[in-house]
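**Q** Start from the sequences and build out the full structure, keeping to the hints where you can.
Here is how the chains run, residue by residue.
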Amino acid sequence: MNANSRELLKRLQPLAALALIMVALSLMRPEIFLTIGNLRNILLQISVNVCLSIGMTLVILTGGIDLSVGSILAFAGAVAAGLLKDGLTLTFFGVALQFTPFGAIVAGLIVGFALGWFNGIVITRLKVPPFIATLGMLAIARGLTMLWTDGHPITNLGPVFGFIGMGIWLGVPMPVWISVALVLLFYVVSRNTTLGRYIYAVGGNEKATAYSGVNINRVKLWTYALGGLLAAVAGLIITARLDTADPKVGNGYELDSIAAVVIGGTSLSGGRGSIFLTVIGCLIIGVLNNGLSVLNVPAYWQLVIKGLVLVAAVAADRIGAKEN
Amino acid sequence: MRVVRWIIALAVAAGVCWLFPLFHVVPLQAAKAEKAAAKFDAAEFADTFWNKRLLPGLDKTVKADVLLAAIQADPAAAKKKFARSVGFSDAYFYFVSGTGRVVSVSDDGVSLAITPGSTNAEVILLAGLIFGDAVRDGTGLLNGSDYSNSQDFNDMSAALDHLVETRVLPGLHEQAKIGAEISFAGCAEVDDEANDLKPLKVIPIQTKTR
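For the protein sequence lines, the chains are A and B, in the order given.
Per our numbering: the first sequence = residues 1 to 324.
Per our numbering: the second sequence = residues 1001 to 1210.
Calculated directly from the structure, the hints in this document are not laboratory data.
Watch out, some of these pointers could steer you wrong.
[What the hints assert, rightly or not] To spell it out: a stretch of chain B is covered by chain A in this simulated footprint if at least three of its residues, at any positions, have a beta carbon under 8 Å from a beta carbon of chain A; those stretches are:
id, segment
1, 1015-1028
2, 1127-1134
[As the list claims (entries may be wrong)] Calculated cross-link-like contacts (lysine to aspartate or glutamate; reagent style EDC-like; alpha-carbon spacing at most 16 Å):
id, chain 1, residue 1, chain 2, residue 2
3, A, K127, A, E206
4, B, K1039, A, D86
5, A, K85, B, E1034
6, B, K1039, B, D1155
7, B, K1052, B, D1065
8, A, K85, A, D150
9, B, K1032, A, E7
10, B, K1201, B, D1108
11, B, K1060, B, E1044
12, B, K1081, B, D1107
13, B, K1079, B, D1065
14, B, K1079, B, D1192
15, B, K1201, B, D1107
16, A, K85, B, E1044
17, B, K1035, A, D86
[Said to hold, decoys possible] Sample of chain B residues with no beta-carbon within 12 Å of chain A, all distances over it, derived:
id, residue
18, A1031
19, E1034
20, A1038
21, K1063
22, V1102
23, A1194
None of the values given here were measured: they were computed from a predicted structure.
Every residue gets a Cβ at the ideal spot worked out from N, C-alpha and C, and that includes glycine.
**A** Here's what the structure looks like:
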């Protein structure tokens, strides 16, 4: 078997794993698992993780990690909900800004992008390791969310805003449309743009990329900023879907997101992987979550099984890297 | 070239914002007035509901002697016939009225014997701090799906409980003398059939001495 075939086989592993899990669940509980409603449910449930995981893939491709996506998700959603519900009072000017749903969405996206950008600045300019920088942001963004909301959920956000989370178009929920659009967009960005090429190059060999004249700090900065922006999209979707900005939402989402990326076959050391494989990773986690519930596996065992799958995926990646 | 690209991007952004405004600027006073008008006033709602719907709606109660006899005979059948439940909760409610003789009094409750000649506490009228959603959910006069904001619906329940504490309980404490005969109407929540049915714990909405 030559190197190309081996590489192709390796890329097909996540897809084969997904197919195997789906066939097994279909055989065990066909009357529940194989219904259109259940499959649509799986897609709806993974849409938030897909948005987060696209950003996480870009970050991991550069050899970094972003632990703050769950907190950024919560803060972006809370900011959008707060502005939509209560507006912004500018006492000094004697006026208040009443935000439209579109304005609230834009504000949420800007907040996510800005926090991601801040992560990038801390990592590239202050040379703080990504693990620590984003761990700090995890706490900062969660604290800001609590301050912004006073620790209380912001509810009743209206049908226009709610459409991005609860709307249905052509029989498919809006969160699914949004995640599909983002997958296609960022697949093109990662494959066919200069930034995308640089992201792979930085992760593959940072030194060589720097020597060839690429501003690697700028690439990393944009990667973390896009990660923040995508976390904000996820935050807006979940806020709209629940019709509530819950300040505690998103706790632990970074783990699901990292798991999806790794299970999809993206290398934790960077430079290898793809957005589509990450989507497969999200599907594996989503189908596993759904299937274990369908099979009435207790919630604590579900965590154990998910953890084992993650460890197995990383071990496979490491063994593969050693062989290469 | 880069400057031109930035100018084009800003022009596009400005155009989009002109078509779809991000926000509206309003004077602070007008914004405050609008916010106050839009805010759900749970206390005011509860007061209106109490006077215009709850008290006139007391004729929808099941008589306590009928209910207690039904529970004694077959709790499941009594539940099926007289109880009301909300959503997927296992808890259920009885909207009940009757007359009973006071057999014991404490800060937390007034125990009544309902069956003629009985000296056992068959109903306890709760007389301490009132918690839970029995008054809101037990009458069938309010439907959660009519209220899109669950926080408003929760506030409504707390406001109704507060009305019980301030309007009903002071009178009940005065009326509660051993041997006195009290007519009551109220809601009973049954979470745990072993403890909540015998005696039936009722949050009073109206009490009178006879």
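**Q** Which of the stated hints cannot be reconciled with the structure, identified by number in ascending sequence?
**A** Of the numbered hints, 2, 7, 9, 11, 12, 16, 18, 19 and 20 do not hold.
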